[in-house]
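With the hints as extra help, turn the sequences into a complete structure.
Per UniProt numbering, residue 1 is the first one in the sequence shown, and the count goes up by one each step.
These are calculated hints, taken from the structure and not from any lab test.
Wrong hints could be hidden among the right ones.
[What the hints assert, rightly or not] List time: in silico PhoX-like cross-link candidates among lysine-lysine, alpha-carbon distance up to 20 Å:
1. K127 with K12
2. K262 with K286
3. K192 with K127
4. K218 with K192
5. K65 with K75
6. K90 with K65
7. K102 with K65
8. K282 with K262
Small disclaimer: the values here were computed from a predicted structure and weren't measured.
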Amino acid sequence: MFQDITIEEARKRMEKKQLTWVDVRSPSEYRNATIPGSVNIPLFNDEERAEVGTIYAQAGNRAAKERGLEIFSKKLPGFIEAFREIEGEKAVFCWRGGMRSKTAATVLDLMDIHVYRLQGGYRAYRKWVTGLLENMDFHPVTYVLGGYTGTGKTYMLRALASEGYPVLDLEGMANHRGSIFGDIGLSAHNQKTFDALLAERILQLKNAPYILMEAESKRIGKVVVPEFLMENKARGMKIMIELPVEERVRNILDDYRPWENKEACIRAFQSIKERIHTPVAKEIEKDLQTERYHEAVKWLLEYYYDPRYDHSLGIEETERVKTIRAGHTDEALGQLKEMLKTAGLPLH
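Dropping the structure here:
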């Protein structure tokens, strides 16, 4: 017989041995929000789930169960084989720990494949995440990377993270670059996914001697950053990155690749067009339409992003600021590493 398991119990087991979360909900539910690191082995695809739901509404629970069993029975061999291929312990979940996860766990148990079932399903996990973030006591020494748009702040943070530095990559968790053009070429995460990734990362960093993060605003795309992180940012040591304009333009073009998303760039520009002096705005729009992206980016930096950043510096506290000046991004990264080393900060 399968066993129910709580989030807390599952996390304790994960500290000792491998445990894979398996989301048995439909693909669209999985894409919308899930437990980070989980795999999707659905009982029903989106169309089948809609069909069973319609039958439930029109003919009742028994008819819906019978149709669901008919659909699922045809998938059993592939469903079971998918679970056999997962090494280590496994835990299944659906939306609220109901019929779908119970059916999956029961069938797998009959085939001698032991799985846990998450008590309360994804809904319980979401409640755990929100409770964790609402009551979070996380105020480590914080180093905050700032600087004009295009100075490679995100690039440097990710390079440091890959080497084991304690980095909190908020833009990565939001899957958004934090600007009006920030979701171009990306599929921005919703608040549920952002919160889950953030909670998991903070637990990984809870014993870190310090953290590195970017000077983000309260909102990144459509997600909102918790207040305790904004407080950490305000109290942290600021490290300002300064690079030549041409290097910044190159960084932006490498990151956004506007030639692959021409129409999206033009649409995004419409939302800020009225905030830019009309003759300049017309030049930028023309450059975007004619794919003169280097020129468009230079205009945007000079007449939109840089003035806005200068204004934000004027209203924020400017104490505890260190500056890195470099000719290119990797040189700045090297200086940043040396700065952290000089401060006696370990990698972990």
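Here is how each hint holds up against the structure:
Between K127 and K12 the alpha-carbon distance is near 18 Å, which keeps this suggested pair within the 20 Å criterion. Taking the CA atoms of K262 and K286, the gap is near 12 Å; set against the 20 Å cutoff, the hint holds. At most 20 Å may separate the alpha-carbon atoms for a hinted pair to count; K192 and K127 meet this at roughly 10 Å. At most 20 Å may separate the alpha-carbon atoms for a hinted pair to count; K218 and K192 meet this at roughly 16 Å.
The hinted pair formed by K65 and K75 meets the criterion: a straight-line CA distance of about 16 Å does not exceed 20 Å. For the hint pairing K90 with K65, the CA-to-CA distance comes to about 25 Å; that exceeds 20 Å, so the pair is violated. Our distance criterion of 20 Å between C-alpha atoms is met by K102 and K65, whose separation comes to about 13 Å. Pair hint K282 plus K262 holds up; C-alpha atoms about 16 Å apart against a cutoff of 20 Å.
Hint violations for this structure: number 6 only, all remaining hints satisfied.
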